[in-house]
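Colleague: Letter by letter, the chains look like this.
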Amino acid sequence: GQQVMQIPQYQHVQEGEDFTTYCNSSTTLSNIQWYKQRPGGHPVFLIQLVKSGEVKKQKRLTFQFGEAKKNSSLHITATQTTDVGTYFCAGRTSGTYKYIFGTGTRLKVLA
Amino acid sequence: EAGVAQSPRYKIIEKRQSVAFWCNPISGHATLYWYQQILGQGPKLLIQFQNNGVVDDSQLPKDRFSAERLKGVDSTLKIQPAKLEDSAVYLCASSLEGGRIHEQFFGPGTRLTVL
Numbered sequence: 099g100q101q102v103m104q105i106p107q108y109q110h111v112q113e114g115e116d117f118t119t120y121c122n123s124s125t126t127l128s129n130i131q132w133y134k135q136r137p138g139g140h141p142v143f144l145i146q147l148v149k150s151g152e153v154k155k156q157k158r159l160t161f162q163f164g165e166a167k168k169n170s171s172l173h174i175t176a177t178q179t180t181d182v183g184t185y186f187c188a189g190r191t192s193g194t195y196k197y198i199f200g201t202g203t204r205l206k207v208l209a
Numbered sequence: 855e856a857g858v859a860q861s862p863r864y865k866i867i868e869k870r871q872s873v874a875f876w877c878n879p880i881s882g883h884a885t886l887y888w889y890q891q892i893l894g895q896g897p898k899l900l901i902q903f904q905n906n907g908v909v910d911d912s913q914l915p916k917d918r919f920s921a922e923r924l925k926g927v928d929s930t931l932k933i934q935p936a937k938l939e940d941s942a943v944y945l946c947a948s949s950l951e952g953g954r955i956h957e958q959f960f961g962p963g964t965r966l967t968v969l
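Quick note, the sequences are listed as chains A and B, same order. For the first sequence, my numbering gives the first residue as 99, with consecutive numbering after it. For the second sequence, my numbering gives the first residue as 855, with consecutive numbering after it.
One or more hints might be untrue.
[Unchecked claim] Computed list of lysine to aspartate or glutamate pairs in EDC-like fashion (alpha-carbon distance at most 16 Å, straight line):
1. B:932 x B:922
2. A:196 x B:911
3. A:134 x B:957
Simulated from the structure, these hints should not be mistaken for laboratory data. Bear in mind that the values here come from a model prediction, so they are computed numbers and not experimental data.
Turn these sequences into a full structure, and let the hints steer you where they fit.
Modeller: Right under this line is the structure:
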């Protein structure tokens with residue numbers, strides 16, 4: 099079945115450093131979503147990407163969808179302590195309704 | 855706008871007992887999801903409803919798990935009998951149908967501990 103993997107599993111950065119998490123699907127996706135889950139909290143939607151090669155920015159966050167629509171990345175510039183949490187991608191395959199969540203990347207920011 | 859409501863927030867049971875979780879989605883959201891999130895893992899879809907019909911339940915352990923969404927609004931998820939490996943957070947989410955963005959709004963979850 100479809101699998102969605104993320105790397106790295108964990109990342110510790112100093113405040114002000116950049117951070118990137120990568121998401122790879124075993125199948126071609128129709129679209130991909132990104133969520134953030136704070137410790138003890140529930141996932142919160144960040145963005146949805148649909149087009150091949152699409153790049154979207156939200157303040158310090160940059161999201162990219164690969165040309166082959168099988169991978170995606172989230173880059174955070176100049177991390178802050180408020181960026182702490184686990185970042186999940188969730189991919190949807192054409193012809194299906196469900197989203198498969200990735201394994202997640204847990205980010206810790208050291209002040 | 856009220857968010858997704860879930861109850862109870864916490865539940866501790868012994869193995870082989872039964873348990874039920876309740877979810878009330880955001881008003882007007884046609885799609886409702888139940889996810890199981892084991893500690894340190896991503897949410898795993900158990901069942902997805904559109905209105906009161908099931909669109910995906912391929913990962914629902916049907917020998918012990920059941921779910922219903924009567925009248926296409928709130929939903930219940932039941933486990934009978936529970937096993938130790940069912941210890942997890944059960945997340946309910948809802949989304950609007952139609953449009954290009956399928957943002958899922960999650961509830962606070964129910965943390966289940968099976969002893």
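Colleague: None of the hints should be skipped; say for each whether it holds.
Modeller: Do the hints match the structure? See the list:
1. For the given pair, residue 932 of chain B sits about 9 Å from residue 922 of chain B by alpha-carbon distance, which is consistent with the 16 Å threshold.
2. At most 16 Å may separate the alpha-carbon atoms for a hinted pair to count; residue 196 of chain A and residue 911 of chain B meet this at roughly 10 Å.
3. For the hint linking residue 134 of chain A to residue 957 of chain B, the alpha-carbon distance of about 13 Å falls within 16 Å, and the restraint holds.
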